[in-house]
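Participant: Residue strings, one per chain:
Number of protein chains: 2
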Amino acid sequence: MSDAVKGDPAPYYRAHVFVCTNEREAGHPRGCCRSKGGDELRDYMKKKATGLGLGKSVRINNAGCLDRCELGPCMVIYPEGVWYSVTSKADVDEVLQTHLAEGKRVERLMLKSTDKLPADVAARRAAAAAE
Amino acid sequence: MSDAVKGDPAPYYRAHVFVCTNEREAGHPRGCCRSKGGDELRDYMKKKATGLGLGKSVRINNAGCLDRCELGPCMVIYPEGVWYSVTSKADVDEVLQTHLAEGKRVERLMLKSTDKLPADVAARRAAAAAE
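Protein chains in written order, with my numbering: chain Z, 837 to 967; chain Y, 837 to 967.
In case anyone wonders, no lab produced these hints; they're calculated from the structure. Take the hints with a grain of salt, since some may be wrong.
Since the list can't tell identical chains apart, any single copy or any two copies may satisfy a pair.
Subject to a maximum C-alpha distance of 25 Å in a straight line, what follows is the list of computed BS3-like cross-link-like pairs (lysine-lysine) [as the list claims (entries may be wrong)]:
1. Lys-872 with Lys-842
2. Lys-872 with Lys-884
3. Lys-892 with Lys-948
4. Lys-842 with Lys-882
5. Lys-883 with Lys-948
6. Lys-842 with Lys-940
7. Lys-948 with Lys-842
8. Lys-884 with Lys-842
9. Lys-940 with Lys-925
10. Lys-940 with Lys-884
11. Lys-883 with Lys-842
12. Lys-940 with Lys-882
13. Lys-948 with Lys-925
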């Protein structure tokens, strides 16, 4: 039940980007976005967004573990809830220009909602929900 | 241009909560959500969400500075983009039950989009956007 409710305020940011910069211990089987460059990519994105004049209405944030580690470095853009896996500055440039400036999508980098978690992670989550 | 586009994947999380846990140096004029308890409230919220059986479809994340420091500790819930200022565990309980479990709103804790930033922050943001 997370649909908009009548009377909800107007969006505070036109687009709110969360880049996972979570760090796990070395050798963790799921890996982590930080070890794959999430931190650096977030810094780069933030700086470039300002340069493109997006800084007023678009907010680039770092975030803790978004729990799609295997597919990282990950980011999610709200309110549209579109996820990307970005691995280079060129990828970030494309998301900034195509998605955030032009309102389109970078299909080749988008995560699908059917991109499944590994079985052990899914089981852990289901167990937590059933507690 | 952040509206949904035809073909966007289904939401990965029903509700994605970002709790600001950013820390500024002591004495900063804007304050910070961490010094106001953001970290502790996020940990509490995460644990309680699991206890309420929300853990499967609701994700509670920490986030870097959401830039509404004066109104913190802040959180934002997407995709609906509703912001709350929460200052106690009782506040967190109310957001969990009323907003996340029942799909309603906790009016007394909601931030309005017209809750303005201090003039110096607004000026800094405008300058960054104009660079």
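Participant: It remains to establish, for every hint, whether it holds in the given structure.
Facilitator: Hints versus structure:
1. In this assembly of identical chains, the alpha carbons of Lys-872 and Lys-842 never lie at most 25 Å apart, being 41 Å within a copy and 31 Å across copies at closest.
2. In the homo-oligomer, the alpha carbons of Lys-872 and Lys-884 lie at most 25 Å apart inside one protomer (20 Å), although the nearest pairing across protomers, at 31 Å, exceeds that limit.
3. In the homo-oligomer, the alpha carbons of Lys-892 and Lys-948 lie at most 25 Å apart only across protomers (18 Å), although the nearest pairing inside one protomer, at 29 Å, exceeds that limit.
4. Within a single copy, Lys-842 and Lys-882 get their C-alpha atoms no closer than 33 Å, and across copies no closer than 27 Å, so neither meets the 25 Å cut-off.
5. Taking the closest pair of Cα atoms, Lys-883 and Lys-948 never come within 25 Å of each other, the shortest separation being 27 Å inside a single copy and 28 Å across copies.
6. In this assembly of identical chains, Lys-842 and Lys-940 lie within 25 Å of each other by CA distance solely across copies; the values are 10 Å between and 27 Å within a copy.
7. When the C-alpha separation of Lys-948 and Lys-842 is checked against a cutoff of 25 Å, the pair qualifies only between copies, where the shortest distance is 14 Å, while the shortest distance within a copy is 29 Å.
8. For the homomeric pair Lys-884 and Lys-842, neither the shortest alpha-carbon distance inside one copy (35 Å) nor that between copies (27 Å) is at most 25 Å.
9. With identical chains, the CA atoms of Lys-940 and Lys-925 are at most 25 Å apart within one copy only, with a shortest distance of 19 Å there and 40 Å across copies.
10. For the identical chains of this complex, Lys-940 and Lys-884 are intra-copy neighbours only, at 18 Å inside a copy versus 37 Å across copies, given an alpha-carbon limit of 25 Å.
11. Taking the closest pair of Cα atoms, Lys-883 and Lys-842 never come within 25 Å of each other, the shortest separation being 36 Å inside a single copy and 30 Å across copies.
12. In this assembly of identical chains, Lys-940 and Lys-882 lie within 25 Å of each other by CA distance solely inside one copy; the values are 19 Å within and 33 Å between copies.
13. For the identical chains of this complex, Lys-948 and Lys-925 are intra-copy neighbours only, at 22 Å inside a copy versus 35 Å across copies, given an alpha-carbon limit of 25 Å.
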